[in-house]
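So the chains spell out like this:
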Amino acid sequence: MLYNEPSPHEVKILTRRFGLPDSASIKTYLKTDGYVAFEKALKMKPEEIIAEVKVSNLRGRGGAGFPTGMKWSFVPRTSPKPKYIVVNADESEPGTCKDRVLIENDPHQLIEGMLIAALAVDAHAGYIYIRGEYRYLIDIMDKAIAEAYEHGYLGRNLLGSNFHFDAFTHTGAGAYECGEESALLESLEGKRGVPRIRPPFPAVVGAFQSPTILNNVETFCAAPAILRDGGAAFAALGIPKAGGTKMTCLSGHVNKPGVYELPLGFPVKTMIEEVGGGIRNGRKLKAFVPGGSSCPVLTAAECEGLTMDYDAMARVKSMLGSGGVVVMDEDTCIVKVALRVMRFYAHESCGWCIPCREGTTWLRKLLQRFHDGHGQRSDIVLIGDLAKNMLGRTFCPLGDAAAMPTISFVEKFREEFEAHLDGRPCPFEHAEQLVMQ
Amino acid sequence: MTFSPQLEAKFAKLLGSYPPGRQRSAMIPMLMFAQDEIGQVTQELVEEVASRIGCTPLQVEEVLTYYSMLHKKPLGKYHVQICTNISCMLTGGTELWEHACGKLHIGHREVAPDGLFSLEEVECIGACSWAPAVQVNYDFHHQVTPEKLDQLLAGLRSANAV
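Chains as they are written, first to last, in our numbering: chain A, 1 to 437; chain B, 1001 to 1162.
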């Protein structure tokens, strides 16, 4: 089902079946060009499939934004080892709730995306790693997989070819870290979700020590449209170097929070004011996080002329991330936000790397002290120093994910940290109470 | 240990899902599905899963302590999980959490004396655009206000009384 009204600004490619009766069923899928792209891909050479994905300018939708076609080309197709497809459906970046609606409303699109990736690298098995909290999605996905087997889109000799492919669901059990690709693979193998050192990257040594394509749900879901309508058509939806659409999750202080499919390069101001219906209660925008809580925060002033795409976000030293846009109004206490974000990372740090394990914990303690009104002026510098010393010093990006937003909170909202000094009460507490009433 | 035929079927499917010699992969799903049936991860379950996937109980133990959804103690019949992460916090999640603690007279990861409810303050559950969000067992509830939570809890309480 749909949890929010669509917006007229949306360009519906991945969400084209959303709202159709029984949109998750294979019957609806087949009636609406379902598995047409797979049929087409079956007649193509693997390098032609990869070339089409490269033309599409599709970039990884999980957060890192790595070009998908290039990632697929890294898989050594001639390796004697089996190859695997792994879908990252461990969606847990705070602010992000898009993969959930993609699977819930159109699970066959994901299966078809896996099949296309499998053809591109000669893989014969795929795993969908779904976070434990999304139990109902496992049921939806299992049902779709069963339907695909019944209709000959999974199993042996698919559509009369000599290609075979099996798909399986796999549940996580509550660990943000398992959304990181190498930790996910560890978890898939029945271990603690701690990251692996890279290189080798999963493309070469991934699941079960074999070459693996590991992408986010949304990335795989884009593949059918790319093969069906052509990579160039998909690329044209976005901007140069970033093709297609991005599932964007608006949350926080907007009038119309929701998940919307917007073309890459969409203006931030239009997104907040028109798609999101503006800031609640007629208040002003203070700041927003563009792609999940790991991304450096951007101020209202930085929104001017800014667009939602990888390179534009990199220019303002933030990231498009997962597309989780968290909007904060003028009465939001940034110290409180920084603390809540750090509580999360300290809880989710897997403990494998000391800079992350210790860094997140000490940052949480420092921010808690600030929030409680016992902060010291030197702590402002200390918070920044601690965070900067975590950057790039861990096996996986969780340490960076905790450090980067923290640095941005301190640098961009220093006066709010100073306002909490000398035992003064949080200047926003009163405003917040008014909002709650 | 004996399990329901449905769970046995799930186990059989899981054990056939991974490459030969990689049955350890089934560990976490098996623990999750079994926990749903028996309520918690018991020592007996650890040993049972270990023997079925060809691991030592210690190997299962070290894995299960990593994952926050696997628990060795029983929870309430209705495990009420309230998200207070950023999007929920901005929309009243913290106040909702405090309200729930007051209402049920229990705190984080505590079980009410009658065993009906347990509470947990959880990290992002993937309902940010429909915040504040609550999960009761596996069911999502969106845009939950203290009043809506009261109704939800009362509904569960009366359903259980029948």
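Hints are computed from structural coordinates only; laboratory data are not their basis.
Hints may be right or wrong, so weigh each one.
[Stated by the list, open to error] Computed cross-link-like contacts, DSS-like style, restricted to lysine-lysine with a CA-CA straight-line distance of at most 25 Å: (1) B:K1013 <-> A:K143; (2) A:K317 <-> A:K284; (3) B:K1148 <-> A:K191; (4) A:K143 <-> B:K1010; (5) B:K1010 <-> A:K191; (6) B:K1072 <-> A:K191; (7) A:K27 <-> A:K191; (8) A:K191 <-> B:K1013; (9) B:K1010 <-> A:K256; (10) A:K317 <-> A:K388; (11) A:K81 <-> B:K1013.
This structure is a prediction, so every number in the text was calculated from the model and none was measured.
Consistency of the hints with the structure:
1. B:K1013 <-> A:K143: holds (14 Å)
2. A:K317 <-> A:K284: It holds: about 23 Å lies between the C-alpha atoms, which stays within 25 Å.
3. B:K1148 <-> A:K191: It is violated: about 39 Å lies between the C-alpha atoms, which goes past 25 Å.
4. A:K143 <-> B:K1010: Roughly 14 Å separates the two Cα atoms, so the pair holds.
5. B:K1010 <-> A:K191: holds (20 Å)
6. B:K1072 <-> A:K191: Given pair K1072 of chain B, K191 of chain A holds - Cα atoms ~18 Å apart, limit 25 Å.
7. A:K27 <-> A:K191: With Cα atoms ~38 Å apart, K27 of chain A and K191 of chain A exceed 25 Å; violated.
8. A:K191 <-> B:K1013: holds (20 Å)
9. B:K1010 <-> A:K256: violated (40 Å)
10. A:K317 <-> A:K388: Between K317 of chain A and K388 of chain A the Cα gap is close to 15 Å, so the pair holds against 25 Å.
11. A:K81 <-> B:K1013: Distance of about 24 Å is within 25 Å: holds.
Checked against the numbered hints above, the structure violates hints 3, 7 and 9; every other hint is satisfied.
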